[in-house]
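**Q** Residue strings, one per chain:
Number of protein chains: 2
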Amino acid sequence: MKIEEKFLKQAQELARGAEIVPNGVMGLAEKLQTAANENRPLRVKLGLDPTRPDLHLGHTVVMRKLKKFQELGHTIVLIVGGATAMVGDPSGKSETRPALSKEQVNENAKTYFEQMAKALDVSRAEVKNNADWLHSMSFVDMLKLASSTTVAKILTRDDFNKRYKTARPISVVEFFYPLMQAYDSVIVKADIELGGTDQTFNLIMGRDVQNFYGIKEGQIAMTLPLIEGTDGAVKMSKTYPEHCISLTDSSKDMYGKIMSIPDNLMPKYYLLLTDLNFNKENNPRDEKMRLAFEITKMYHGENKAAEAQNEFINIVQNKNLPDNMEEVELKEPVNILDLITRLNFTPSKSEAKRLIAGGGVKFEGEKISDIQLNIAKSGILQAGKRKYAKLIFKG
Amino acid sequence: MKIEEKFLKQAQELARGAEIVPNGVMGLAEKLQTAANENRPLRVKLGLDPTRPDLHLGHTVVMRKLKKFQELGHTIVLIVGGATAMVGDPSGKSETRPALSKEQVNENAKTYFEQMAKALDVSRAEVKNNADWLHSMSFVDMLKLASSTTVAKILTRDDFNKRYKTARPISVVEFFYPLMQAYDSVIVKADIELGGTDQTFNLIMGRDVQNFYGIKEGQIAMTLPLIEGTDGAVKMSKTYPEHCISLTDSSKDMYGKIMSIPDNLMPKYYLLLTDLNFNKENNPRDEKMRLAFEITKMYHGENKAAEAQNEFINIVQNKNLPDNMEEVELKEPVNILDLITRLNFTPSKSEAKRLIAGGGVKFEGEKISDIQLNIAKSGILQAGKRKYAKLIFKG
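Quick mapping for you: the protein sequence lines, in order, are chains A and B. Take 701 as the starting number for the first sequence in this note's numbering and just add one per residue. Take 701 as the starting number for the second sequence in this note's numbering and just add one per residue.
No lab work stands behind these hints, which were simulated from the structure alone. Treat each hint with caution, since some may be false.
Since the list gives no way to pick out one identical chain from another, each pair is judged satisfied if it fits inside one copy or across any two copies.
As the list claims (entries may be wrong) - No farther apart than 25 Å at their CA atoms in a straight line, the calculated lysine-lysine pairs in the PhoX-like style are these:
no. : residue 1 : residue 2
1   : K853      : K916
2   : K828      : K844
3   : K853      : K865
In this text the structure is predicted, and so the values were computed from the model without any measurement.
Chain A extracted, bound-state conformation (with noise of 0.2 Å):
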């Protein structure tokens, strides 16, 4: 196929940060000129798992991509997957995930697509729920599914193949978790999908399974990193709620936590959050201020954050108190643990205990030691960097 100059250009900027299988750029590159030769759109899917619901940073790598289809006028279909929700995970995994009401699911999207507005364009997008395929496939319909792969294939999957290998039990009805998201893909008729590394072999499934319904040129699979939490240790995550830059966090929480990653994982950061490229050549300082500008830019606007950075300056670089601060009330001595974990400044009173044993805690510009300690006065409490309360002491 020969591939316009145009086309291939565009190809080189969609990949920016992710791998493509198969053939790479040039794979890219012939989808886009396919759908030009046939004057038509491509359709680029992402599967959505609805059962958790909070979107944060690390999801907006994959929804930024689908942005920039968007932008060139291709079509996005979002795939909510109510069929595997409603029946659940009844695998052997230590975090099993709980079986969903159809209602449930619905709800979960609905938070979903609100959040995930704010990366994209989710009124143009076709959203489909796969419960209204997958649901009514009859036993001949699945075992025809079934028989389109082999258990060696899904078994070289990484984790089904460390868990055989370790003898950790797998349900067979977890071999059917790919193959459903890869019907998926022959429904909606998928030129590409997008998803995290940890779905290429998924995703190249979805591919093979489009092949065996008679769909000769079959998806190719874009998939793009997972992104550390502000550790830089761990993939962000839920789990990890102290590491995590959730996309319902406030400007100043966002900007704040974003200067509190470590400096290696700038470069990162700004390939796959932002359009802009990083510069080694700067202050690692006045770079990562850059990239939490722009990145609170993205889900705040301008204004909130030239705010948000304004008050880092002032509190964290000036040492400054905070313009706005919370007032709490206090009608009794509250122990400095239970203070902390209620102001919700850590999300434990383990992490506040980290917190007070690394001197993160001040009352009145005062490091606290003591975690036994009573607050029985009123004062300016501050724990970490950017956090800060004005108790006032009524007891």
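Keeping the supplied structure of chain A fixed, place chain B upon it in accordance with the hints.
**A** Below, chain B alone, put in the same frame as chain A:
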């Protein structure tokens, strides 16, 4: 559980030649006692593959066992595998099973039952087609069934294990076959399932899956050895017609074929195909005649068995000609190989060549050695010990 002497004795008799899992003869005795305590018959299941309706002596091993249960007043439940047959077997096996229509399944099942009637009282058996419950399973039902076992467990099945280890493909749908037949046991509430020893895994899976669906005391598995064909080497099967003794074979063929088995196969035939005991003190030829007579009597009646025995003595032992020979008119000279195969004396020309090479073909009492020979005169043709034709040349 306290087992009455009577049921222990019954169990010992029923167990002749069989392996019982779990708990061997005691497991069976407990089932018999339970049925008596609950004042109900046991439900004894056998699954039938309606793709191959021709029955041979190998099938009667299990059928005879069913008859014993029937004689003790228990209920035989015959499951026609309509659901599986209608799907066909898409596995990587060299010998793939074709998908059958519902009509074909019913027709094959009918033939099957007609032949089965020679070994047990089909009219008193419950006959079911698993298409009746499997085909109406929904998506959620199927996933529930799939969640009843693990991949590792299914991969312990001998044939799967071998194929997995030697990298021969196993389709995911094949994982459903053991689950489906196991689900049959749930539906029909089987107390005991019978099968060949190659079915041990499936039968125990039936017990496990019953358990998953809340049946506490699941079925026990009663497996019986597969018997070899008349060559004593390969499992009896239609695939090797010259070594296979069909229930539709004439009384003379049946008797003659049994007389052709190697002596060392006699004890197994006695054990599994009759109620008689092999007597190693007897002259082997007499013992084999007793066996051939007994089996022929079962499927053709005493008169026919006696007739077959007399002919055998007459033509094989006393080298006389049989009383009733087929008369064949030849209108032109016919090649000896063509003639032998046309008369169905051997199933193929290569078999005919082998028979000639072994000195097994005679014309008018003279051995034939030339496979190019054309027969152009009247006379008696003999192939092997028992096959004769009277050729009448009218060329």
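**Q** All hints are to be evaluated individually against the structure, with a verdict given for each.
**A** Evaluation of the provided hints:
no. : hint         : result
1   : K853 to K916 : within (20 Å within a copy, 35 Å between copies)
2   : K828 to K844 : both (23 Å within a copy, 24 Å between copies)
3   : K853 to K865 : both (15 Å within a copy, 13 Å between copies)
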